[in-house]
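As given, the protein sequences belong to chains A and B, one line each in that order. For the first sequence, the numbering used here assigns the number 472 to the initial residue and increments by one for each residue that follows. For the second sequence, the numbering used here assigns the number 472 to the initial residue and increments by one for each residue that follows.
Treat the hints as calculated values from the structure; they're not laboratory data. It cannot be assumed that every hint is accurate.
As the list makes no split between identical chains, a pair holds if one copy fits it or if it spans any two.
[As the list claims (entries may be wrong)] With a straight-line cut-off of 20 Å between C-alpha atoms, the simulated SDA-like cross-links for lysine to any residue are:
(1) 487 <-> 530
(2) 702 <-> 564
(3) 644 <-> 607
(4) 718 <-> 624
This one's a predicted model, so the numbers in the text were calculated from it and none came from an experiment.
2 protein chains.
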Amino acid sequence: MNPIEDFFISRKTVRKYDHSKSIEPALIAELVNAARMAPNTGNMQLYSVVVTTGADEIAALAREGHFNQPASAGAQALLTFCVDMRRFARWCGLNGTASGLGNLQGFVWSVMDTTIFAQQFVTLAELRGLGTCYLGTTTYNAEAIGRRLDLPQGVLPLITVSLGWPAEEGDRKQRLPLGAVLHFGRYADPTDDELAAIYRATEESPEARRFVEENGKPSLAHVFTEVRYPKESAETFSNIYKEEIIKAGIKI
Amino acid sequence: MNPIEDFFISRKTVRKYDHSKSIEPALIAELVNAARMAPNTGNMQLYSVVVTTGADEIAALAREGHFNQPASAGAQALLTFCVDMRRFARWCGLNGTASGLGNLQGFVWSVMDTTIFAQQFVTLAELRGLGTCYLGTTTYNAEAIGRRLDLPQGVLPLITVSLGWPAEEGDRKQRLPLGAVLHFGRYADPTDDELAAIYRATEESPEARRFVEENGKPSLAHVFTEVRYPKESAETFSNIYKEEIIKAGIKI
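Based on the provided sequences and hints, a complete structural model is requested.
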């Protein structure tokens, strides 16, 4: 095993941060500067990141945008990575032409490029010893986040990463067996028995057993579909985010 | 400058590969194994990757899926990263419940998680000295790619990465000034003059001047809107991909 791969395999999400050691804005700028050299579609750079530091600002963004979840309220910095159609569209306008990206294709490109940018930042931050956590709440509260960060029309929050020096060992999640996600040549669709086997170790983990018991559900799958990600919530949040996408001038 | 950041800053996209040195499937599996430890939403792992190796298979996929562009036809391996709603949905079904992710929110999660997975793979491959290139053609030809790779219902191609040992120095793209994408505290919307200044170095680069001249256009922005990414094409490809998304059981 190559040492760098070992680092990537043993990486962990960190949700508690050590405020006794500060994070200089210059360090964040240095990491963002390196991260943005990751690939993007046609070099259009359809993204921006807004960095929130300072206790009061973080508290307000955590409250208004992230349901005060501990990884947000306890962060040393919050980075809001945004789909940014505005800069490119304004540049086209300045030159007397019009961007043609206000559609599903443009949206998918921008989401991919924003995500690549965010993930490269996360990797670089982790390589520096920082802890990070993706917050799942950004699309739910895109409007409130946009107001708080003064996002103008055409700039849409997509991903928030919380950042800090680790104050805990972190959370290393089990993954499905490699063969579940990696296919050579053709997609190998498992039989029902094979599929059950793929999920067995996950279902039998102490964490999963605790989830099932605490929630009084018949299976781990039910915890996902009835507690963590129920259809009704996903549809509500789909409608909320779709409105924000449309307000950003993107017709999907 | 930290050496690891220097590596990330100087990274380059590589489109020509040295076939005199082979890539073992075991190496690809090792890199995928490390890449999939990147974060994902709720540990649902809504992605798969199909690896294409072998001259005939690569030639067929390049022809049917990627307009035979050189980085695809000349690759030593092609990795097709897919939105995979199927595995999770089938597992829910096996347990007598139903996934609630066939909507915009589920789609956005899966696109982000698939992209994080792909980018982590790209980073790991580059750290090993391999060359990579994201192909922009995957969403255009999702149906043909799905047929070629036996993708079942619920599995949707999103990203293709071409892979090989570098046979060229690679292509290091200029980026806009850091301040264009990085904002502290609030989004700082530039004035028109500031915006023009942000794009000046890009517009004055030899590559941009050549693009403008070769295409006989009044500005670089026109090259983007009329040659590289015209609205009509983006809308056509939006409709094509939307159909594939719907066929995958996702209502966006």
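Structure-based check of all given hints:
| no. | hint | in the structure |
| --- | --- | --- |
| 1 | 487 <-> 530 | within (15 Å within a copy, 49 Å between copies) |
| 2 | 702 <-> 564 | between (41 Å within a copy, 14 Å between copies) |
| 3 | 644 <-> 607 | within (16 Å within a copy, 32 Å between copies) |
| 4 | 718 <-> 624 | within (7 Å within a copy, 32 Å between copies) |
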